[in-house]
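Chemist: Chains A, B, C, D and E are the protein sequences, given in the same order.
Each residue of the first sequence is one higher than the last, beginning at 1 in this note's numbering.
Each residue of the second sequence is one higher than the last, beginning at 1 in this note's numbering.
Each residue of the third sequence is one higher than the last, beginning at 1 in this note's numbering.
Each residue of the fourth sequence is one higher than the last, beginning at 1 in this note's numbering.
Each residue of the fifth sequence is one higher than the last, beginning at 1 in this note's numbering.
Since the hints were derived computationally from the structure, they do not count as laboratory data.
From the three backbone atoms N, C-alpha and C, an ideal C-beta is built for every residue, glycine too.
Hints may be right or wrong, so weigh each one.
Derived list of chain D stretches under chain C, where covered just means 3 residues or more per stretch with a C-beta under 8 angstroms from a C-beta of chain C [to be verified]:
1) 30–43
2) 163–173
3) 317–325
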Amino acid sequence: MEYIFEGIVRAIELLLTGNEETYSAVFVTLKASTMSMIGSLALGIPCGFLLGYFDFPGKKQVRALVDTLLALPTVVVGLFVYAFVSYRGPLGEMQLLFTIPGIALAQTILVLPIVISLTATAVESLDKRLRSTLMALGARGKQIAIASILEARYAVMIAAVTAYGRAVSEVGISMMIGGNIKWHTRTITTAIALETGKGEFSMGIALGIVLLTLAFTVNALLTILKKRST
Amino acid sequence: MEYIFEGIVRAIELLLTGNEETYSAVFVTLKASTMSMIGSLALGIPCGFLLGYFDFPGKKQVRALVDTLLALPTVVVGLFVYAFVSYRGPLGEMQLLFTIPGIALAQTILVLPIVISLTATAVESLDKRLRSTLMALGARGKQIAIASILEARYAVMIAAVTAYGRAVSEVGISMMIGGNIKWHTRTITTAIALETGKGEFSMGIALGIVLLTLAFTVNALLTILKKRST
Amino acid sequence: MSETPLYRINNLKYRYENGRFLLHIPEFAIARGASIGIVGPNGGGKTTLLKILALLEDPDEGTVYFDGTKVDRTNDAMKRSVTMLLQEAYLLKRTVFENVAYGLKVRNEKQGLTEKVHRTLHMVGLPPDEFAQRRWHQLSGGEAQRVALASRLIINPRVLIMDEPTASVDQRSAVLIKDAVNTMREQFNTTLIVASHDLIWLNTVASQVFRVYEGRITGLASDNVIDGPWNPESDGLWKKVLPDGQVMFSATPPGDSAAKALLNPSDIVLAKAQPDGRDGLSARNIIRGTVTLLSEENHSKKVLATIDLGGLSVISRITRRAAESLHILPGTPIFVIFKASSLRWE
Amino acid sequence: MSETPLYRINNLKYRYENGRFLLHIPEFAIARGASIGIVGPNGGGKTTLLKILALLEDPDEGTVYFDGTKVDRTNDAMKRSVTMLLQEAYLLKRTVFENVAYGLKVRNEKQGLTEKVHRTLHMVGLPPDEFAQRRWHQLSGGEAQRVALASRLIINPRVLIMDEPTASVDQRSAVLIKDAVNTMREQFNTTLIVASHDLIWLNTVASQVFRVYEGRITGLASDNVIDGPWNPESDGLWKKVLPDGQVMFSATPPGDSAAKALLNPSDIVLAKAQPDGRDGLSARNIIRGTVTLLSEENHSKKVLATIDLGGLSVISRITRRAAESLHILPGTPIFVIFKASSLRWE
Amino acid sequence: VIGIGSYAVAAEHVLKMATTTSTDNTGLLDYLAPTFRAETGIDLRWVSVGTGKALELGKNCDVDVLLVHAPDAEMQYVADGHGVDRRQIMYNDFVFIGPKNDPCAVKGRSAMETLKTIASQKGLFASRGDNSGTHKQELILWAEAEIPVPDKEPWYIQTGQGMLNTITIASERNAYTMTDRGTFIKYEANWRGNPPLVILVEGDKSLRNQYSVIAVNPKQCSNVKYDLASKFRAWMTLPKTQQLIGDFKLLGIQLFVPNAHEK
Ligand SMILES: Nc1ncnc2c1ncn2[C@@H]1O[C@H](COP(=O)(O)OP(=O)(O)OP(=O)(O)O)[C@@H](O)[C@H]1O
Ligand SMILES: Nc1ncnc2c1ncn2[C@@H]1O[C@H](COP(=O)(O)OP(=O)(O)OP(=O)(O)O)[C@@H](O)[C@H]1O
Ligand SMILES: [Mg+2]
Ligand SMILES: [Mg+2]
């Protein structure tokens, strides 16, 4: 029990004293999750739109597949990506293993189903009159997509927040692909896993609070952005 | 690379030959995730409704908090719950450590923010006329909640599927609270972590496929249920 | 006891967030069993008023008394005695049957449900065989509107409030709706409050029609409203130029140049030929126009003639006898005559 | 070249999934610059037809030719020359300004945008100062409807299709809309297709009004439609009993007992007194009724008298002279006279 | 239900143990537990975690017995009163592995020399950096070599992960690392006997890896099954069991040397 309180105190300490190791992990986490968010949103929102907007044969099957992939364990994604980026793998040349872009690549795969599934649901939940209205007003192709996503902006934003939460809190990929290498690819979550393994539970809690603080800051920034845009 | 193909072959083998260890893990996983889903939906859907439907002072702050908790790392939840269920903790008496109900409890906490946030978004995205319509028709209290959630049923269903994916794929809690005890609390994901730790990558992939098969089956059952209910 | 009105409004104020609109009703009462019509231009405040009467919104200031007691929106019994058909009907994402049955289900009145639903669907002209099992989106605009109406009628409320019930409904169904509502009122003494732009239809269900305009109840609907600008004349009169160049005079000064004048249709005299000279006539206003529509006022049995004064439409209420002797028909050129002192200011 | 109609429909069929409704139009054409009105009961198929003409839906069978070529919904230029105001207007979740500007923005016509938006808002009676910056939900029903209309008008399309444009719009705005549309047609020879339940308003914008009924275009709107059941009589005639017990006869047999009869308003003669005996009169049907409404037919300048035959409404078209000599007014009791052979079957 | 049913036993016969990953990953416990159960009727259930966490679980009374390999920490643990009856059971050994071409030429040197050589040549070295028994042993060696732990040196890769993952990282980066022999055998087998990293330094006395059993102190934790823990400790030191441990082979190679009776 007491390590929780200890953890809270240590979290404040870590944050205020600018603890070097902690900030290194914060920056690694931020870098990796930012890159993976850019990747997964850029890919996932358009795919989600297509899946939510159009009717095509096999749509239900694709939908079921995406929903199933929501259950992808991080370690499996890690194993899968490792097979490609290992120096003997097909992408070995790119030297992505034990790098932040490598983590980001695997995280993108991890959260893509979340972005796609939630965006598709958001687009599907839109008022049925929107489609006819946009067509009647002369929107076409990408314009329809953009306008639809703007109509569903709130739900799409939550899709992004959910995906962000998943990326920033995962540990299996960061371990497997990042390698948890101190000063280089150690993220907050791999640090938590390490400290917990060492029996340093209060440090684990402290780093957990650091992570939540980070997530809160990012969400707050997004909220401000959202307010501006609406 | 080749361990991926090997893994696929082994997955089929495991599933078809009724491998005892694998099926034990499957059942543990199913039990834990079923219990945590019941808990998190029973708690999360009503909370999500309240958060999405009502305007109250501090609503935005609560919303921001819930969204932040989407980034809860499993290990942190594990540490947190461990503090309570450890023999020394306030709930020590209940002997939840290294048990499936213990895992389920922690998983419930883990996925609750997902259920709440996505349900709230689903309710918020409902047509503004619904509220007046329900009130005008004489619905009150719980009736309004049930009817609103039914109107948003598709999006709420996806909230549940997302939460399920998160619960079934997490490993930190199952490790920390379950203990990965063979035949007792070894879930598919802790088994994957174990095998991967041993370097048995193909077995990791195989178990990953088993997990996805499980998730697919559950989703398919839900889809059939959904069809019936609409 | 029976003297307390069903609704009494006291100094009600309602404002939308960051909107200029203010609904302000100093005093208003609706008797039990009354049937009130509400007309007025878009944005006048009809929907806002109806929502407050339907206990869907709380006023910002002032009080509404329902049945003698202050409105309390946490009082479920009170809320359930009123129902409202919204201007833009919303159907639950269920079958038509479930939509209509919903009001009874939440009241736990499940006896004879199927029979009641079918009867109500018949009342709004939707054969249950064909419609009961349809999904909410498998309906045309007017059909959806009627399903929404049926789901209110089945509740058999003490007060039925309807916002544009006939907006996308065909003429035959409008008659059906009128009949359904009137039957209900006869049987259960239901109080009716209806907003509509279809004055002719409204006159067939309402015994009194009010005009709601810029957030206020400005009197009876039948009054003609004449916009400004009004400009002072040398002889103490105020003048408005009509779209076709003719002029209209008011004897009393307007509040400001943009004020609106009200003209009671009964104050308008019609003449087929221009009266010669102004000397023989005490009325200052003699304006040329054309009859466009003739209809009958339901309660008074008088004739209402709609007359186009080169762009401005006014209604004149005349007796059958007068109408007969004038030989007017739609298309007939006519002179509209009224005193400069007949114009009142809002 | 100018002989090819703008639209030509050939054996069009459209069906909704698991619905009984079938829109079936064997042959139909709309000329360039025409202004077509469409009326008909709820569920008749107006919206369905308009959506196909607006290129928002593909027919299941048959072909629609637009401007001489087969409709191709992948042809953006073709699609962009048509716009439609939907029956239930939907506003984008943006400001009024952005809603109105959207059509031009997607066309990348950003020059003078603000000025154009403001002008269009004026056209529909919404002062830009007050409305341009409102959010989509801060509008009354009629205001929202007019914003939706403005967002179509600004596009200045070759074909403007409107589904119930005046449904929740006040009378003054209905006139504004009429004027806006008519001005547009004069300037740009815009083709206009409008569905409405407000026949009087429709007559002020449409030069030809069709009736759409049970998925078919059944002729001109002005035809009276008389429902079955029709039962055979001993003398070879077919009889329908009216709601008030009077009877009506048809000389030609109906397709089946539930068939609908059409009666041209010009085929109806009105009489103030009951003609004595049937011998002196070649018409078999003499039915008692009451005049309810008198209006003027815009293009023919004839008088349209709406007559209530104890529950069934029919319209009679008579000359001004006849109307004058009859001394009819709303409320006047009247006899409706027509031949049993005047009834046609759909 | 398969598995779970056949292992259902009364709670009083269940002994909970926290152990390190090496005993579990090598399969030693899977090999011993059935015999233990057959002979004593006790159902041994273990969680395999890092040494630090294992000690922490004991401190919190959540397990009854520990099987760990970090002598200094263990002694401290007993001294602090958390554990009792510490008894050494067996050992295996650590080895230094590195790229076949041995860029720093450490082959055949002593452990201390090896570290010195690598440090002076800035050869890539992967350290577990996780306070595990292996990591603690490595730290002792650095201290003996009188070199401060090269925390921020770019050639010093701190993985903070399990042994096998650390070896994997070392192979990807062509680095040296120190590992227990058991994990190396697994690693070698995964590569079908032809791994990129090979054993370069072994046999040094200071590379011994001692495993001990510690019972959780029943005075601190009234709930622990001290009697079962004692039975387990006693059973582990039986000559028959010691023989069994000595016979345990991973891929045909002996892994643990029983030494319960060594002084
Ligand atoms: N949510 C809102 N926020 C701000 N202003 C609003 C809002 N809803 C309505 N208004 C404004 O309040 C006024 C009254 O609206 P209301 O809907 O009551 O009018 P109405 O008489 O029902 O009009 P209509 O005939 O168009 O239905 C209008 O000026 C409208 O623009
Ligand atoms: N999605 C749908 N699925 C099944 N049937 C439908 C669907 N939409 C409309 N219908 C049916 O098709 C018929 C034609 O509908 P449509 O909307 O074209 O009628 P309408 O003439 O526009 O009626 P209204 O005057 O009520 O707007 C109706 O009988 C309606 O019930
Ligand atoms: Mg309104
Ligand atoms: Mg329609």
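Chemist: All the hints need checking, so say for each whether the structure fits it.
Modeler: A quick look at each hint next to the structure:
no.: 1; hint: 30–43; verdict: holds (count 4)
no.: 2; hint: 163–173; verdict: holds (count 9)
no.: 3; hint: 317–325; verdict: holds (count 3)
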